[in-house]
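With the hints as extra help, turn the sequences into a complete structure.
Protein sequences, first through last, are from chains A and B.
Residues 1 to 336, numbered by the numbering used here, are exactly what the first sequence covers, in order.
Residues 1 to 299, numbered by the numbering used here, are exactly what the second sequence covers, in order.
Some hints could be false.
[Claimed, not checked] As a list, the in silico SDA-like pairs of lysine to any residue whose alpha-carbon atoms are at most 25 Å apart:
no., chain 1, residue 1, chain 2, residue 2
1, A, 329, B, 90
2, A, 223, B, 285
3, B, 123, A, 295
4, A, 208, A, 138
5, A, 208, B, 288
6, A, 329, B, 288
7, B, 215, B, 85
8, A, 174, A, 193
[What the hints assert, rightly or not] So the derived label-pair ranges between C-beta atoms look like this:
no., chain 1, residue 1, chain 2, residue 2, range
9, A, 96, B, 63, 51 to 57 Å
10, B, 174, A, 15, 55 to 61 Å
11, B, 263, A, 191, 44 to 50 Å
12, B, 151, A, 102, 52 to 58 Å
13, A, 36, B, 287, 50 to 56 Å
14, A, 247, B, 226, 22 to 28 Å
15, A, 210, B, 127, 51 to 57 Å
16, B, 244, A, 320, 38 to 44 Å
17, B, 12, A, 177, 55 to 61 Å
18, A, 96, B, 272, 21 to 27 Å
19, B, 9, A, 221, 48 to 54 Å
Because the hints were derived from the structure by calculation, they are not lab data.
For each residue, glycine too, the CB sits at the ideal point set by N, CA and C.
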Amino acid sequence: MTDRLKVERKRILDTNTLILLGVLLAVVLIINFLANDYVKTIANLCGIYVTLGLSMQLINGFTGLFSLGHAGFMAIGAYTVALLTITPENKAMNFFLEPIVPFLENVQWSLLPALLMGGIIAAIFGFLIGAPVLRLTDDYLAIATLGFAEIIRVIFTNTQSLTNGALGLKAIPKYSSILWSWIVAFITILFMIFLMEGSYGKAFKSIKEDEIAARSMGINLFKHKVMSFTFSSFLAGIAGGLMAIHLGTIDPNMFRITLTFNIILIMVLGGIGNINGTVISAVVVTAAMEILRFLDSSINLGFIKIPGIPGMRMVIFSIILMLVVIIRKDRLLKEN
Amino acid sequence: MTMSFTEFMQHLANGISLGSLYALIAIGYTMVYGILRLINFAHGDIFMLGAYLTYYAIVFTSIPWYIAFILAAVITGIIGFLLERIAYRPLRDAQRITVLISAIGASFFLQNFATVVFGGRPKAFPIPQLLNKIVNLGGVSINIVTFIIPAITIGLLIGLNYIINKTKTGMAMRALSKDYDTARLMGIDVNRIISITFFIGSFLAAVGGIMWGIKYPQLMPLMGSMPGVKCFIAAVIGGIGNIGGAVLGGFILGLGEILLVALLPGLTGYRDAFAFILLIIILLAKPTGLLGEKVTEKV
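Written as structure tokens, this is what we have:
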């Protein structure tokens, strides 16, 4: 009897996942020790987008709640990390219009607690927003979460003594090591795999498949929705924090819906509800976005100069997104 | 905090004129949503195209401005029709989220396409002399556009009301939005009706875009994104699917924004958040909007 149970039990980490993780680990280590700064920057961003893509999958792909609030949660994480890590001298320099609120004036944390705090504050907001908003369904939820992200951006633009308003924050200490981004990414990948195999993951999936059926099976819809939303916000907050230390400067206008759009693109290309796919598509899309930057700026071939066309890159990416959606329409939401 | 009566009237007039613009754009959202249950995220960008096409028609051709206005609105209507053909029709039977993602893609495509073709630098909208007059009404000086906008809006609303309630096409639209499947079984040509809906919605958005250009004469490729989201909110506040609701929501939002800034100048920076906060409050209190009907889910 026990033997049969053992045989029937599915391995949580299947071979494909292990190969993918192994290859990624090797590539990241090689890049970290051998590659130049340009490649490192791209690899760093890839890691951040892996976390973001998975966090988007959790709420949209697995739980089926169409949330467009990612940019807002990232902004919360990014500002938290920035305000906790910038040195007091640099804070005084940043806040020349209005002095910073006293309780943040002399704070200086190291990176790990600051990142965690960024995630926690984003999660608290996710919980507070989610509790009322998750009663709404599909489109209404999408527009309400989009609205929430916009409100965050507007608030951050106006709270001069807390966020330095439209001027943004500069001189965020650059812990530029790509290892940080990728350690978070690997933890997120494993977390997602184990979460989705466990009872919570099964509950999330059942909510996506059919809410009414899930409810009749005794799943507490509201609790699980809020939980998924809060986890997802936590991850988005951490990724936002990583983005802040990667860039070194942040301002409210970075966190527009365009950012959320990029993450949706990663999720859709990776296959909705597909963890391995998301990891690969996060890496490919992010690298392609960076490499195709030449489309926006002019190219000098020595003998001829091709003028760049600003916006061309995003035209191409939006066409790709629409083509994928239209071609894969029926399989888009099915699990692979 | 004192405000003279004339000042208040000025703000009121401004609020009504902004409200009518919002109402015009919100109608397009609500008509499409009523039939397809789709947030046409690209609607705000259609509005932007309407304004840009007018700019090019006036600046680069010698046709009179009123013909340019009509021409631009009709071409924008055709673009709306094409948008549905290309981005939404292939997904007619797919899940709603899939179509929503396609709509987001279409919106970003139009925005970036506009950046590529029209350039990212703001352009000054050419305002016809006739429409750019300041009139003095009992001590209140108001630009004549402030009155023209609501007047045109009311005219278009009367026309729309006629189409929807008195013509066969309008009857088919109402039938489709009441019960899509049954209406289709009754022999309604769904594709034709949806195409007409997109044409009308985009035409109205273009008129909104032109009047927006006259009121705020600065064109940018991203100019449609904020008004677009706000007008969707207006449609939701009024009860999505309901044209009267969209108009009501548009006016509430337009008046609310202008009066918020006028009465509480300290909150000026939060103007763009007003719509979203109002949306969240109304959705939580009355999830189907002010004039929306209650929908029960069938198992």
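The hints, checked one at a time:
no.	hint	result
1	329/A <-> 90/B	9 Å, holds
2	223/A <-> 285/B	21 Å, holds
3	123/B <-> 295/A	24 Å, holds
4	208/A <-> 138/A	11 Å, holds
5	208/A <-> 288/B	22 Å, holds
6	329/A <-> 288/B	29 Å, violated
7	215/B <-> 85/B	32 Å, violated
8	174/A <-> 193/A	30 Å, violated
9	96/A <-> 63/B: 51 to 57 Å	52 Å, holds
10	174/B <-> 15/A: 55 to 61 Å	57 Å, holds
11	263/B <-> 191/A: 44 to 50 Å	49 Å, holds
12	151/B <-> 102/A: 52 to 58 Å	54 Å, holds
13	36/A <-> 287/B: 50 to 56 Å	54 Å, holds
14	247/A <-> 226/B: 22 to 28 Å	25 Å, holds
15	210/A <-> 127/B: 51 to 57 Å	55 Å, holds
16	244/B <-> 320/A: 38 to 44 Å	40 Å, holds
17	12/B <-> 177/A: 55 to 61 Å	58 Å, holds
18	96/A <-> 272/B: 21 to 27 Å	25 Å, holds
19	9/B <-> 221/A: 48 to 54 Å	50 Å, holds
When the structure is compared with the earlier hints, violations turn up for hints 6, 7 and 8 and for no others.
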